[in-house]
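Participant: Take a look at the letters that make up each chain.
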Amino acid sequence: MGCCYSSENETQEQRNERKPLIPHPDPVSKPPNGTDWITTVPSARTDEQALLTSILTKTAQNIIDVSAADSVMMEQHEYMDKARQYSTKLAVLSNSLPQRKALALPSLTSQPHQVLASDLVPYSDVQQISKIAAYAYSAISQIKVDAKEELVVQFAIP
Amino acid sequence: MTASLTAGLDRIQDQIGYLVISEEGVLASAGELENDEVTAGVMMQMVRTASRFRLSGAAEPPFKRMSVILEDFVYTVTVSGQKVFVVKRQNNQQEPISV
Numbered sequence: 001m002g003c004c005y006s007s008e009n010e011t012q013e014q015r016n017e018r019k020p021l022i023p024h025p026d027p028v029s030k031p032p033n034g035t036d037w038i039t040t041v042p043s044a045r046t047d048e049q050a051l052l053t054s055i056l057t058k059t060a061q062n063i064i065d066v067s068a069a070d071s072v073m074m075e076q077h078e079y080m081d082k083a084r085q086y087s088t089k090l091a092v093l094s095n096s097l098p099q100r101k102a103l104a105l106p107s108l109t110s111q112p113h114q115v116l117a118s119d120l121v122p123y124s125d126v127q128q129i130s131k132i133a134a135y136a137y138s139a140i141s142q143i144k145v146d147a148k149e150e151l152v153v154q155f156a157i158p
Numbered sequence: 001m002t003a004s005l006t007a008g009l010d011r012i013q014d015q016i017g018y019l020v021i022s023e024e025g026v027l028a029s030a031g032e033l034e035n036d037e038v039t040a041g042v043m044m045q046m047v048r049t050a051s052r053f054r055l056s057g058a059a060e061p062p063f064k065r066m067s068v069i070l071e072d073f074v075y076t077v078t079v080s081g082q083k084v085f086v087v088k089r090q091n092n093q094q095e096p097i098s099v
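Protein chains in written order, with the UniProt record's numbering: chain A, 1 to 158; chain B, 1 to 99.
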């Protein structure tokens, strides 16, 4: 479940990307534990409070609350309902999209015979490309994730 | 119509076969590629895939010819007027390709 609050500098496009296709049936329901405090911040707040709030909001956005995952468990039939709702919604949306043009072949040349009859690629060029491709393959195969922090951290709440 | 499509292909040096393919299928074929529907299908797919590639900002694919280089022969492929031309040519460059 995503976070309900968007940061101020987020563009409209980004917001739309994360907007659920189907609005939450009960938007006033309490978000998973710990995040409901944001709504209680008084409107006449000081700059310091505003700053703190923005820090907290940003933190809340970056957190996936795994402890709250249990509380949002859905029944089998709820899953089925949601799946059905989503597929209906998707079907409606995809109809409004411009039909993707059938992939037409591009024209690479107006003189095909001449292009085909010209000299073959020199062996040295092929060898060079093969070498570069081998280097690139080797480089890509060495990319790995270097995990430095714990994925799940406990928040020490006094 | 077929004659004008293939007239130039016959004269290509070292050619040992060719195919002219449209969206509907093989229009003309000769030599080692005569009625070679399988190669036609593979080449069509390869050139389609390759022609989706663009350098940043360019509207057209950045190449005129695709070469599929094997030890003994080379398939040279190009597209013109919604037709794919494939010519199989002998590869006389003796050195082996080592990776």
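Be aware that a few hints might be false.
Sample of chain A residues lacking proximity to chain B, with all beta carbon distances greater than 12 Å (derived) [said to hold, decoys possible]: (1) ASN62; (2) GLU75; (3) GLN76; (4) SER87; (5) ALA91; (6) SER94; (7) VAL121; (8) SER130; (9) ALA139; (10) ILE140; (11) GLN142; (12) LYS144; (13) GLU149; (14) GLU150.
Across the chosen pairs, the derived CB separations fall in these ranges [as the list claims (entries may be wrong)]: (15) A:LEU151 x B:GLN45: 38 to 44 Å; (16) B:GLU71 x A:GLU150: 36 to 42 Å; (17) B:ASP72 x A:LEU151: 50 to 56 Å; (18) A:ASN62 x B:PRO62: 37 to 43 Å; (19) A:ASN62 x B:GLN45: 42 to 48 Å; (20) B:VAL68 x A:LEU90: 37 to 43 Å; (21) B:GLY31 x A:LEU97: 42 to 48 Å; (22) A:TYR137 x B:SER56: 35 to 41 Å.
Stretch-level coverage of chain B by chain A, calculated; a stretch enters the list once three of its residues show a Cβ under 8 Å from a Cβ in chain A [claimed, not checked]: (23) 12 to 23; (24) 28 to 42; (25) 85 to 91.
Worth flagging that the hints you see were computed from the coordinates, not collected in a lab.
Glycine is no exception: its CB is placed at the ideal position from the N, C-alpha and C atoms.
Participant: Confirm or reject each hint.
Facilitator: Do the hints match the structure? See the list:
Every CB of chain B is more than 12 Å from the CB of A:ASN62 (nearest about 32 Å), matching its label as outside the interface. Non-interface status of A:GLU75 relative to chain B is upheld: no Cβ of that chain comes within 12 Å, the nearest being about 44 Å off. At the 12 Å boundary, the C-beta of A:GLN76 stays outside the reach of chain B, the nearest C-beta of that chain being 42 Å off. Listed as outside the interface, A:SER87 is consistent with that label: its C-beta sits roughly 29 Å from the nearest C-beta of chain B, beyond the 12 Å cut-off.
Listed as outside the interface, A:ALA91 is consistent with that label: its C-beta sits roughly 27 Å from the nearest C-beta of chain B, beyond the 12 Å cut-off. Every CB of chain B lies more than 12 Å from the CB of A:SER94, the least distance being 22 Å, so the non-interface label holds. Consistency note on A:VAL121: stated as away from chain B, yet its beta-carbon is not over 12 Å from all of that chain's, at 5 Å minimum. The beta carbon of A:SER130 sits about 5 Å from the closest Cβ of chain B, which is not more than 12 Å, so the claim that it is off the interface is violated.
Every CB of chain B is more than 12 Å from the CB of A:ALA139 (nearest about 15 Å), matching its label as outside the interface. At roughly 15 Å from the closest C-beta of chain B, the C-beta of A:ILE140 stays outside 12 Å, upholding its exclusion from the interface. With a minimum CB-CB distance of about 17 Å to chain B, A:GLN142 clears the 12 Å threshold, and the non-interface call stands. With a closest Cβ-Cβ approach of about 23 Å to chain B, A:LYS144 is found to remain outside the 12 Å limit, as its non-interface label requires.
Distance to chain B confirms A:GLU149 as a non-interface residue, since its nearest Cβ pair spans about 34 Å, more than 12 Å. Every Cβ of chain B is farther than 12 Å from the Cβ of A:GLU150; the closest lies at roughly 39 Å, confirming the non-interface assignment. About 41 Å separates the C-beta atoms of A:LEU151 and B:GLN45, a value consistent with the hinted range of 38 to 44 Å. Our hint of 36 to 42 Å for B:GLU71 and A:GLU150 is violated, since their Cβ atoms are close to 53 Å apart.
B:ASP72 and A:LEU151 have their C-beta atoms about 53 Å apart, which keeps the hinted 50 to 56 Å range intact. Between A:ASN62 and B:PRO62, the C-beta spacing of about 41 Å keeps the proposed range 37 to 43 Å intact. Judged by the Cβ atoms, the range 42 to 48 Å given for A:ASN62 and B:GLN45 holds: they are separated by roughly 43 Å. A C-beta distance of roughly 39 Å is found between B:VAL68 and A:LEU90, which places it inside the suggested range of 37 to 43 Å.
The hinted range of 42 to 48 Å is satisfied by B:GLY31 and A:LEU97, whose Cβ atoms lie roughly 46 Å apart. Under the hint 35 to 41 Å, the C-beta atoms of A:TYR137 and B:SER56, about 22 Å apart, miss the expected range. Check result for the segment 12 to 23 of chain B against chain A: holds, 3 residues qualifying (beta carbon to beta carbon below 8 Å, three or more required). Here's how the segment 28 to 42 of chain B fares: 0 of its residues keep a CB closer than 8 Å to some CB of chain A, so the rule of at least three is not met and the hint is violated.
For the segment 85 to 91 of chain B, the stated coverage by chain A holds: 4 residues have a C-beta nearer than 8 Å to a C-beta of that chain, and at least 3 were required.
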